[in-house]
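Visitor: Sequence:
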Amino acid sequence: MKNKYILSLFLAGFIIVIISALIKINHVLFMDINIGNALLMFGMLLQVVSGILAIWKMLSNKKPDNFWNS
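For the sequence shown, the numbering used here begins at 1 and goes up steadily by one.
Derived from the structure by calculation, the hints contain no laboratory data.
The C-beta atom is built at its ideal place from N, Cα and C for all residues, glycine as well.
Just so you know, not all the hints are guaranteed correct.
Said to hold, decoys possible - Here are the in silico distance ranges between beta carbons for each label pair:
#1 Asp32 with Leu59: 26 to 34 angstroms
#2 Lys62 with Asn37: 20 to 28 angstroms
#3 Lys62 with Met31: 30 to 38 angstroms
#4 Met1 with Asn26: 32 to 40 angstroms
#5 Ile18 with Asn61: 25 to 33 angstroms
#6 Lys24 with Val49: 15 to 23 angstroms
#7 Asn34 with Leu59: 36 to 44 angstroms
#8 Tyr5 with Lys63: 13 to 21 angstroms
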């Protein structure tokens, strides 16, 4: 997996976390269900998965000098 995909996965998770935090603060209901909790967990899960992938990529990289170029 390329680094740009890992970074975009992390940024997508970050954006989802920000939006879900705003939903929770404003108590927005979607069909009488507070979806802020589910979105918050999904966004954090994306961030954790992308973090694990980035760590795995760093540890398995044979040439540490060009990590950001791969």
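Visitor: Each hint should be assessed against the structure and marked as holding or not.
Guide: Results of checking the hints against the structure:
1. Asp32 with Leu59: 26 to 34 angstroms: Roughly 46 angstroms apart at Cβ, these two residues miss the hinted range, so it is violated.
2. Lys62 with Asn37: 20 to 28 angstroms: About 42 angstroms separates the Cβ atoms of Lys62 and Asn37, which means 20 to 28 angstroms is violated.
3. Lys62 with Met31: 30 to 38 angstroms: Taking Cβ atoms as reference, Lys62 and Met31 lie about 51 angstroms apart, which means the hint is violated.
4. Met1 with Asn26: 32 to 40 angstroms: Distance hint for Met1, Asn26 holds at roughly 35 angstroms.
5. Ile18 with Asn61: 25 to 33 angstroms: holds, 30 angstroms
6. Lys24 with Val49: 15 to 23 angstroms: Given about 22 angstroms between the Cβ atoms, the range holds.
7. Asn34 with Leu59: 36 to 44 angstroms: Holds: the Cβ-Cβ distance is about 39 angstroms, inside 36 to 44 angstroms.
8. Tyr5 with Lys63: 13 to 21 angstroms: holds, 19 angstroms
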